[in-house]
Amino acid sequence: MKNYLFPFLKNEKAFFLAYDHGFEHGPSDFNEKNLDPEYILDLAVKGGFTGIVLQKGIAEKYYLNSPYQKKIPLILKLNGKTNLLLDEEPYSAINCSVEYAKKLGAQAVGYTVYLGSKFEAKMFEDFGQIQEKAHHLEMAAILWAYPKPGLENDPKITKYAGRIGLELGADIIKLKYFGEKESFKQAIELAGRTKVVLSGGQKLDEENFLTVVSEVMKLGAIGVAVGRNVWQRENPLEITEKLRKLILKD
Amino acid sequence: MKNYLFPFLKNEKAFFLAYDHGFEHGPSDFNEKNLDPEYILDLAVKGGFTGIVLQKGIAEKYYLNSPYQKKIPLILKLNGKTNLLLDEEPYSAINCSVEYAKKLGAQAVGYTVYLGSKFEAKMFEDFGQIQEKAHHLEMAAILWAYPKPGLENDPKITKYAGRIGLELGADIIKLKYFGEKESFKQAIELAGRTKVVLSGGQKLDEENFLTVVSEVMKLGAIGVAVGRNVWQRENPLEITEKLRKLILKD
Amino acid sequence: MKNYLFPFLKNEKAFFLAYDHGFEHGPSDFNEKNLDPEYILDLAVKGGFTGIVLQKGIAEKYYLNSPYQKKIPLILKLNGKTNLLLDEEPYSAINCSVEYAKKLGAQAVGYTVYLGSKFEAKMFEDFGQIQEKAHHLEMAAILWAYPKPGLENDPKITKYAGRIGLELGADIIKLKYFGEKESFKQAIELAGRTKVVLSGGQKLDEENFLTVVSEVMKLGAIGVAVGRNVWQRENPLEITEKLRKLILKD
Amino acid sequence: MKNYLFPFLKNEKAFFLAYDHGFEHGPSDFNEKNLDPEYILDLAVKGGFTGIVLQKGIAEKYYLNSPYQKKIPLILKLNGKTNLLLDEEPYSAINCSVEYAKKLGAQAVGYTVYLGSKFEAKMFEDFGQIQEKAHHLEMAAILWAYPKPGLENDPKITKYAGRIGLELGADIIKLKYFGEKESFKQAIELAGRTKVVLSGGQKLDEENFLTVVSEVMKLGAIGVAVGRNVWQRENPLEITEKLRKLILKD
Amino acid sequence: MKNYLFPFLKNEKAFFLAYDHGFEHGPSDFNEKNLDPEYILDLAVKGGFTGIVLQKGIAEKYYLNSPYQKKIPLILKLNGKTNLLLDEEPYSAINCSVEYAKKLGAQAVGYTVYLGSKFEAKMFEDFGQIQEKAHHLEMAAILWAYPKPGLENDPKITKYAGRIGLELGADIIKLKYFGEKESFKQAIELAGRTKVVLSGGQKLDEENFLTVVSEVMKLGAIGVAVGRNVWQRENPLEITEKLRKLILKD
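Heads up: the sequence lines are chains F, U, W, E and Z, in that order.
Numbered according to the numbering used here, the first sequence spans residues 384 to 633.
Numbered according to the numbering used here, the second sequence spans residues 384 to 633.
Numbered according to the numbering used here, the third sequence spans residues 384 to 633.
Numbered according to the numbering used here, the fourth sequence spans residues 384 to 633.
Numbered according to the numbering used here, the fifth sequence spans residues 384 to 633.
Keep in mind that the hints were calculated from the coordinates and are not lab data.
Among the clues, some could well be false.
Note that the list lumps identical chains together, so a pair holds whenever it fits in one copy or between two copies.
[Said to hold, decoys possible] Here are the simulated DMTMM-like pairs of lysine to aspartate or glutamate, each with C-alpha atoms no more than 20 Å apart in a straight line:
hint	residue 1	residue 2
1	Lys-564	Asp-425
2	Lys-416	Asp-537
3	Lys-568	Asp-412
4	Lys-568	Glu-395
Generate the whole structure from the sequences, applying the supplied hints.
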């Protein structure tokens with residue numbers, strides 16, 4: 384099959400900057416500087432990231448037809464939910480069509496599925512359609528394969544997530560890592576030709592985070608999609624340099 | 384991206400007259416004069432408003448092909464609900480398509496989302512589709528980003544609403560202000576290139592309302608969408624003059 | 384806008400014969416004579432009615448391509464429900480498309496909404512789509528704007544119904560009248576350019592019914608949609624003559 | 384309107400062989416011989432039936448392009464349900480499109496509605512669409528108008544079913560008869576130009592069944608759709624001869 | 384009708400290798416070797432299987448445009464669910480369209496229905512549409528006709544499943560066998576021209592499994608869809624040889 388990942392890899396590795404937190408977590412993740420999408424896009428380019436993850440609105444108003452468009456490829460996140468309904472079984476609705484993502488300049492689309500949620504069926508159906516449209520338009524389909532809240536530390540779910548990504552035809556899956564190497568390694572093996580990137584998660588101290596990244600790269604991940612662990616730091620380029628060397632070997 | 388707001392701004396500011404209350408609140412908001420859409424349209428033109436908000440029926444019967452059409456641009460509100468089901472989680476269904484809004488002469492469309500409602504997913508999906516069709520037809524997409532009942536005075540929600548507007552690709556968001564400056568200011572910052580207008584809300588005494596408008600303009604709002612605070616007054620043009628000067632500097 | 388009501392008015396007034404009771408109430412409304420659609424169609428023509436209301440089946444088998452088609456215009460009722468589920472929140476599903484109504488010779492379509500029902504959102508969405516298709520095909524859109532069971536005598540709902548008809552773009556609304564003049568008059572004012580016809584309701588003695596009709600005409604209704612009060616009488620043409628003079632002044 | 388029933392009538396009467404029991408009741412209705420669709424098709428031809436009722440699978444594998452296709456017209460039953468969920472409110476989903484029925488050689492389609500079921504709205508909507516597509520493709524639309532379990536012996540429902548068939552635009556309705564002549568007669572009158580056939584029901588002794596058929600024919604039914612009362616007998620052609628004479632007068 | 388099964392049969396018998404367990408059961412079914420789709424595809428070719436069952440992702444990344452595509456025909460399983468929600472009534476959503484299956488090189492599609500599940504109606508509707516699209520694209524439609532959990536050992540359900548396959552128009556049904564010969568034999572008879580293959584199920588000791596296969600072949604099955612009973616063995620080609628001789632007589 385066509386290699387839809389070509390635009391996003393360097394030395395076969397992936398280094399993505401994620402910035403959909405304003406939707407998922409609300410404003411509490413941001414400070415004065417990093418609430419500004421331009422600051423982030425600038426960081427993405429300067430930091431040598433190989434892709435940036437945005438929701439449609441920021442892509443349309445800050446990326447499309449901007450100088451950034453030629454400098455860093457876009458992964459358009461098609462679904463999202465707020466954190467205002469945490470007691471509900473998670474389902475994250477599609478707010479952007481694959482066709483619109485293409486118009487906004489994206490070369491890949493992303494979708495989150497929550498394994499174990501009562502809405503699994505609806506989510507598999509959603510992603511099934513997205514994956515087909517994406518490949519039809521020659522875009523990569525990336526699956527955020529997350530456990531539903533409460534199952535984060537279950538090695539069975541980590542492994543399951545790896546395999547689901549492959550079975551559903553994702554080109555990349557973004558997986559959470561709760562520190563248990565064995566299950567993460569097996570998830571990668573189970574994912575086969577579907578590539579795995581680490582979901583960066585909440586901010587850790589620098590050393591810890593670098594250790595985590597180093598671990599998952601050794602376990603076979605092709606890279607990381609990082610957000611808070613970069614742009615919540617005073618000088619985000621510092622850790623970015625270290626991560627880039629670690630991941631892209633460049 | 385294209386500036387879909389061009390028809391609605393004067394000196395980069397927005398001064399909208401809202402008149403969808405007959406749907407949302409029922410007839411209790413009206414008196415003998417202001418229940419007549421012609422009275423309101425006349426007021427909108429005489430008062431120098433830069434846009435008028437109507438539901439489809441009034442647009443079709445009073446605005447389309449009328450002299451008003453050349454004098455004031457139309458924002459067609461696509462969804463609405465009555466106040467007869469206040470115990471239910473709020474969801475406001477679409478009763479007008481974007482295409483029909485275009486036929487009725489609208490240059491922008493509006494949609495209300497209730498943050499925190501159990502129907503968030505459905506509403507994000509609805510607005511996602513509306514936003515894409517609107518831009519495809521070269522119309523602005525305006526989001527009424529409201530807290531669900533009970534969350535009106537939560538600064539977290541105000542800020543969240545600002546960001547959601549940006550993430551979902553709204554060109555303008557209409558926000559409620561409960562008097563706390565800090566959160567409203569941050570909402571505007573979080574909204575970035577998505578512009579913010581104040582939701583006028585229920586009738587206050589004139590001085591109070593002018594103070595509120597003055598405050599939000601200083602905080603960075605580009606204007607106001609006002610209804611009851613204008614057309615529920617004996618002489619609505621009086622306060623309109625004051626508001627226009629305050630907002631449009633004209 | 385185009386005057387979609389032209390085929391249905393005489394001296395600007397409306398005199399409709401309604402005959403969808405076999406669906407809504409079951410056979411209990413009928414006797415040996417009036418269960419026959421031909422009897423009713425004959426009555427409609429002889430009585431000088433300006434429109435007849437039918438469900439699709441009767442329209443297809445008794446009206447389309449019959450001599451009646453040239454003599455009386457058809458309002459095709461698009462939704463309906465039985466009275467077998469009275470404990471449920473009311474929702475009445477669409478069983479006929481606007482396009483099919485057109486093929487059956489209809490020049491208007493009708494749809495019932497139950498204000499206060501938990502299915503309001505679905506009904507507003509349904510009617511929104513019907514109204515657009517109807518106007519696209521140059522047909523009038525008529526809204527049966529009824530309170531849900533239990534709210535029949537609430538003046539607030541009567542008034543709300545009038546306004547909802549206008550806001551949703553109905554050309555005519557059919558309203559119930561529970562005998563309180565003030566709220567019915569205000570409903571008509573609130574409906575503005577959307578015309579109001581009385582829903583005839585269950586059979587009253589002749590004098591009472593004529594008084595009711597006389598009252599609503601003075602309050603500003605443009606006519607009446609009557610069924611049982613005409614065809615449940617031994618000699619329906621008698622009251623029909625009186626109603627026609629009262630309403631059409633002819 | 385076009386006479387869609389032409390292919391199915393002889394001397395204006397209808398004599399249908401029904402064979403969808405494998406779906407509705409499971410295998411318990413069958414024996415070694417009658418479980419074979421060829422046995423049934425053969426019987427249909429030899430017995431002089433004027434139509435055969437099949438689900439899509441049997442039509443596709445045994446009827447289409449077989450010698451039977453020229454000898455007996457097909458009524459394709461579009462929906463069906465098993466008897467494994469008898470505690471649920473009945474709803475029977477569509478498993479075959481009208482277009483596919485046409486491809487399979489059908490000249491009519493059938494659909495079951497359960498009056499009084501909580502899913503009435505969905506079923507009226509389903510049948511509404513089926514009826515329109517059927518007539519567009521010049522096929523008859525036949526409605527199985529059944530009471531929901533528990534209401535079988537309610538004369539009100541029998542009569543209602545007759546009328547619903549007419550109102551919804553069915554060309555034929557298949558009605559149950561619980562032995563009360565008056566309500567069945569009225570159902571037929573209420574159905575007007577929509578024709579009524581008896582639903583044969585479970586196997587009775589021969590004399591009883593012939594009496595029932597004789598009764599409903601006198602009450603105005605145009606025929607019968609019979610299954611078990613024919614093919615559950617040792618020598619089905621015997622009763623078939625008697626029924627054919629009784630019904631088709633031939 | 385066209386023989387859609389032609390590509391999948393040898394001596395009129397079917398010998399399918401199933402490999403969708405990573406979706407349905409998660410990774411627990413796999414070991415180091417058999418988690419690799421290439422290992423399985425290799426086995427499928429070397430073992431002389433007449434078809435392989437895959438979900439879309441593995442088909443797209445390992446089969447399409449690979450050397451395997453010319454050596455073994457593909458059955459694309461269109462729906463799937465995880466085992467994380469076993470307390471829920473089973474419903475397995477579609478994640479791949481029939482059209483996409485065709486693009487991936489499939490000549491047949493598969494779909495699972497759970498008899499007795501509260502979602503029966505939805506599943507019959509799903510399969511109804513799949514079956515029509517599949518035949519339109521000249522592909523076979525295969526139905527996994529399974530009892531819902533708890534009904535596995537009910538002979539009534541086994542028989543019902545056989546008939547449902549025929550009534551719904553499946554070309555092959557995959558049935559479970561719980562060891563009772565009579566019901567399995569009757570299921571095959573009830574399925575008529577719809578062919579039956581055994582669902583291999585969990586790993587048994589070799590002798591037991593060969594006995595089971597031998598039994599069902601004598602009862603009239605045309606073959607088996609086997610997964611764990613082959614690829615969970617140390618040397619899967621050993622049992623494969625025996626099965627192939629038993630089933631394909633070759």
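If any of the earlier hints don't hold here, list their numbers in rising order. 1 and 2
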